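**Student:** Okay, here's what each chain looks like letter by letter:
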Amino acid sequence: MKPILLQGHERSITQIKYNREGDLLFSVAKDTVANVWYSVNGERLGTYNGHTGAVWCVDCDWDTKNVLTGSADNSCRLWDCETGKQLALLNTNSAVRTCGFDFSGNIIMFSTDKQMGYQCYLNFFDLRDPQQIEDNQPYLSIPCNDAKITSAVWGPLGEFVNAGHENGEINQFSAKSGEILKKAKEHSRQINDIQTSVDLTMFISASKDNTAKLFDSTSLEHIKTFKTERPVNSAAISPIMDHVVMGGGQEAMEVTTTSTRIGKFEARFFHAAYEEEFGRVKGHFGPINCVAFHPDGKSYSSGGEDGYVRIHYFDPQYFDFELEGPVRPFG
Amino acid sequence: MPSIEYDDSKPSWADQVEEEGDEGTLPSPKETIKGNIKTVTEYKIDDDGKKFKIVRTFKIETRKASKLLPEERSNWKKFGNSEFDAPGPNVATTTVSDDVFMTFISSKEDLNAQDQDEDPMNKLKGQKIVSCRICKGDHWTTRCPYKDTLGPMQKELAEQLGLSTGDKEKPAAEPEPAQPAQSKTGKYVPPSLRDGGTRRGESMQPNRRADDNATIRVTNLSEDTRETDLQELFRPFGSISRIYLAKDKNTGQSKGFAFISFHRREDAARAIAGVSGFGYDHLILNVEWAKPSNN
Numbered sequence: 001m002k003p004i005l006l007q008g009h010e011r012s013i014t015q016i017k018y019n020r021e022g023d024l025l026f027s028v029a030k031d032t033v034a035n036v037w038y039s040v041n042g043e044r045l046g047t048y049n050g051h052t053g054a055v056w057c058v059d060c061d062w063d064t065k066n067v068l069t070g071s072a073d074n075s076c077r078l079w080d081c082e083t084g085k086q087l088a089l090l091n092t093n094s095a096v097r098t099c100g101f102d103f104s105g106n107i108i109m110f111s112t113d114k115q116m117g118y119q120c121y122l123n124f125f126d127l128r129d130p131q132q133i134e135d136n137q138p139y140l141s142i143p144c145n146d147a148k149i150t151s152a153v154w155g156p157l158g159e160f161v162n163a164g165h166e167n168g169e170i171n172q173f174s175a176k177s178g179e180i181l182k183k184a185k186e187h188s189r190q191i192n193d194i195q196t197s198v199d200l201t202m203f204i205s206a207s208k209d210n211t212a213k214l215f216d217s218t219s220l221e222h223i224k225t226f227k228t229e230r231p232v233n234s235a236a237i238s239p240i241m242d243h244v245v246m247g248g249g250q251e252a253m254e255v256t257t258t259s260t261r262i263g264k265f266e267a268r269f270f271h272a273a274y275e276e277e278f279g280r281v282k283g284h285f286g287p288i289n290c291v292a293f294h295p296d297g298k299s300y301s302s303g304g305e306d307g308y309v310r311i312h313y314f315d316p317q318y319f320d321f322e323l324e325g326p327v328r329p330f331g
Numbered sequence: 001m002p003s004i005e006y007d008d009s010k011p012s013w014a015d016q017v018e019e020e021g022d023e024g025t026l027p028s029p030k031e032t033i034k035g036n037i038k039t040v041t042e043y044k045i046d047d048d049g050k051k052f053k054i055v056r057t058f059k060i061e062t063r064k065a066s067k068l069l070p071e072e073r074s075n076w077k078k079f080g081n082s083e084f085d086a087p088g089p090n091v092a093t094t095t096v097s098d099d100v101f102m103t104f105i106s107s108k109e110d111l112n113a114q115d116q117d118e119d120p121m122n123k124l125k126g127q128k129i130v131s132c133r134i135c136k137g138d139h140w141t142t143r144c145p146y147k148d149t150l151g152p153m154q155k156e157l158a159e160q161l162g163l164s165t166g167d168k169e170k171p172a173a174e175p176e177p178a179q180p181a182q183s184k185t186g187k188y189v190p191p192s193l194r195d196g197g198t199r200r201g202e203s204m205q206p207n208r209r210a211d212d213n214a215t216i217r218v219t220n221l222s223e224d225t226r227e228t229d230l231q232e233l234f235r236p237f238g239s240i241s242r243i244y245l246a247k248d249k250n251t252g253q254s255k256g257f258a259f260i261s262f263h264r265r266e267d268a269a270r271a272i273a274g275v276s277g278f279g280y281d282h283l284i285l286n287v288e289w290a291k292p293s294n295n
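Residue numbers (the UniProt record's numbering), protein chains in the order written: chain A, 1 to 331; chain B, 1 to 295.
A few of these clues could be false.
Subject to a maximum C-alpha distance of 20 Å in a straight line, what follows is the list of computed SDA-like cross-link-like pairs (lysine to any residue) [said to hold, decoys possible]:
id: 1; chain 1: A; residue 1: Lys2; chain 2: B; residue 2: Asn36
id: 2; chain 1: A; residue 1: Lys183; chain 2: A; residue 2: Gly158
id: 3; chain 1: B; residue 1: Lys64; chain 2: A; residue 2: Glu21
id: 4; chain 1: A; residue 1: Lys298; chain 2: B; residue 2: Met102
id: 5; chain 1: A; residue 1: Lys85; chain 2: A; residue 2: Met116
id: 6; chain 1: A; residue 1: Lys30; chain 2: B; residue 2: Ala269
id: 7; chain 1: B; residue 1: Lys77; chain 2: A; residue 2: Val33
id: 8; chain 1: B; residue 1: Lys64; chain 2: A; residue 2: Phe103
id: 9; chain 1: B; residue 1: Lys77; chain 2: A; residue 2: Gly22
id: 10; chain 1: A; residue 1: Lys85; chain 2: B; residue 2: Phe84
id: 11; chain 1: A; residue 1: Lys298; chain 2: B; residue 2: Val96
id: 12; chain 1: A; residue 1: Lys30; chain 2: B; residue 2: Lys77
id: 13; chain 1: B; residue 1: Lys78; chain 2: A; residue 2: Phe103
Treat the hints as calculated values from the structure; they're not laboratory data. Computed from a predicted model, the values in this text were never measured in an experiment.
Please work from the sequences and hints to get the whole structure.
**Tutor:** Rendered as structure tokens:
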């Protein structure tokens with residue numbers, strides 16, 4: 001496969017996301033500009049200019065009307081997807097780490113960092129009520145006392161948010177009452193990324209403890225574990241195959257001391273049920289910070305510490321490849 | 001022919017009877033919608049003449065779809081930093097990268113094997129890169145922990161046995177770990193390019209460079225030339241630090257050229273002046289400055 005190389009950022013990519021149909025790909029990086037691309041040919045549709053700090057997160061609602069970005073300039077911004085105009089600016093006390101639209105596109109959530117004496121908060125705004133944005137007053141703000149939230153996604157039906165924490169915990173916060181509905185402590189170190197399956201019933205968490213784990217969205221039941229030897233920065237679930245893709249590599253600070261050949265900067269494909277690795281794709285010069293499957297499952301993209309986003313359309317071999325199952329004693 | 005046409009326009013009486021019979025026995029299909037459930041009832045006779053009633057129940061679902069389809073989005077005007085981009089991908093931001101392939105791994109063993117291939121240092125792990133002359137350990141002689149204790153003892157021992165330490169040093173320094181690998185490929189690899197070459201003999205590097213300055217290249221040598229012959233020929237001009245005579249690996253015969261390194265550049269210059277054009281072993285020698293090596 002010939003990857004399409006997107007060079008829209010000057011610094012390392014922090015998150016990439018497809019819209020619901022997969023025709024657009026959003027990318028944000030540690031520079032201040034959010035980019036949107038046509039995924040089919042890598043053409044850049046535009047940029048969302050306005051942030052003054054590293055942009056940590058991006059999300060797009062279901063009908064591709066609005067785009068939400070959160071940045072280390074202590075703001076979360078809402079954009080018109082088509083024109084790139086800024087619709088709303090929500091100032092915070094500390095950096096915005098993760099953000100997301102709920103299923104309806106009406107409610108947004110974002111979390112802020114524990115920083116400069118401020119606590120980590122998980123904030124909820126209802127976009128149908130303009131007063132909330134005008135007053136910068138969320139209808140719900142949940143303080144997180146111990147470990148800050150590093151990644152969060154909406155659960156099904158917009159009832160709760162599953163948030164991964166710095167200490168490896170995963171908590172389920174109700175979007176209505178703000179209470180913690182469920183807890184899971186399967187990871188031993190920071191959770192770098194959480195991504196849901198297409199139907200939102202499952203999510204995969206990528207952690208610094210060298211594993212990615214599959215969970216049930218509602219019950220937080222731990223289903224599968226995918227082990228590697230490097231910190232996992234991001235993981236995604238294929239919408240059509242029983243596959244997950246994981247991106248990682250050693251930490252950025254150690255990159256200069258190792259060669260690319262042994263750096264393990266490949267995207268790694270695991271079988272979701274067997275928990276076995278079956279394929280790798282090389283290409284990045286540094287650790288992969290984020291991966292995302294196209295909603296049709298026929299391509300995937302990865303964004304790296306090297307500042308590039310690569311769109312890969314799978315070869316036919318990928319779809320033909322069948323993993324031999326683990327050897328069982330009685331066939 | 002006419003008869004066939006007749007058949008087409010009006011079915012034969014037998015068919016008519018059958019069709020009439022069908023219509024008579026089978027009730028017409030029914031369709032009812034109750035709330036969001038639609039029920040379709042049909043009747044059918046199969047080839048064996050058995051009658052079937054087919055009831056199909058549908059659930060009607062209303063789905064909200066985005067008003068904009070992806071095709072319509074593809075006509076959006078570009079904005080932001082791409083505002084003035086021409087239609088189609090801009091080469092400044094979008095390029096097609098080199099072909100990459102997914103490496104498939106069918107079992108864990110493959111994976112491990114691949115891992116080892118990837119790390120060039122792993123190949124060397126089994127082999128000794130350096131060998132200590134004192135304790136034969138896997139480190140430099142100067143870094144030997146027994147340097148102060150064992151070293152002098154060995155020296156004494158060697159002197160007692162009548163061996164000079166210098167002779168002893170040579171064989172220890174000579175063996176090169178990369179030698180077997182090199183002979184396998186049959187291609188000469190300069191020591192500096194061999195595995196571990198960057199590590200070994202780091203202290204020799206400046207010396208080598210000085211040699212390069214005082215190195216001459218001798219060509220048009222006869223096949224029978226030996227290193228000793230060259231030594232005899234060039235010694236009168238000054239002290240020689242190194243003689244390299246290119247030899248054919250199989251026959252051991254000279255390939256017709258050699259490099260002579262002098263300690264001093266003036267000596268080398270005199271050698272060029274003295275030997276160039278000199279008739280040696282029925283051939284006229286050609287001597288010139290050696291070009292600095294690429295390494």
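**Student:** Determine for every hint whether it applies to the structure shown.
**Tutor:** Comparing the hints with the structure gives:
1. Annotation: proposed proximity of Lys2 (chain A) to Asn36 (chain B) is violated, straight-line Cα distance about 48 Å (limit 20 Å).
2. Of the pairs offered as hints, the one joining Lys183 (chain A) and Gly158 (chain A) holds, with about 18 Å between alpha carbons and a cut-off of 20 Å not exceeded.
3. For the hint linking Lys64 (chain B) to Glu21 (chain A), the alpha-carbon distance of about 14 Å falls within 20 Å, and the restraint holds.
4. Note on Lys298 (chain A) and Met102 (chain B): the hinted pairing holds, with a Cα-Cα distance of about 14 Å set against a maximum of 20 Å.
5. Distance restraint check for Lys85 (chain A) and Met116 (chain A): the Cα-Cα separation of roughly 30 Å exceeds the 20 Å cut-off, and the hinted pair is therefore not satisfied.
6. About 61 Å separates the Cα atoms of Lys30 (chain A) and Ala269 (chain B), which puts this hinted pair outside 20 Å; it is violated.
7. Straight-line distance between C-alpha atoms of Lys77 (chain B) and Val33 (chain A) comes to about 18 Å, which keeps the hinted pair within the 20 Å bound.
8. For the hint linking Lys64 (chain B) to Phe103 (chain A), the alpha-carbon distance of about 12 Å falls within 20 Å, and the restraint holds.
9. At most 20 Å may separate the alpha-carbon atoms for a hinted pair to count; Lys77 (chain B) and Gly22 (chain A) meet this at roughly 18 Å.
10. Straight-line distance between C-alpha atoms of Lys85 (chain A) and Phe84 (chain B) comes to about 16 Å, which keeps the hinted pair within the 20 Å bound.
11. Only pairs whose Cα atoms come within 20 Å are accepted, and Lys298 (chain A) paired with Val96 (chain B) is accepted, the gap being roughly 18 Å.
12. As the CA atoms of Lys30 (chain A) and Lys77 (chain B) are separated by approximately 26 Å, the hinted pair breaks the 20 Å bound.
13. For the hint pairing Lys78 (chain B) with Phe103 (chain A), the CA-to-CA distance comes to about 27 Å; that exceeds 20 Å, so the pair is violated.
Violated hints, in rising order: 1, 5, 6, 12, 13; the structure is consistent with all others.
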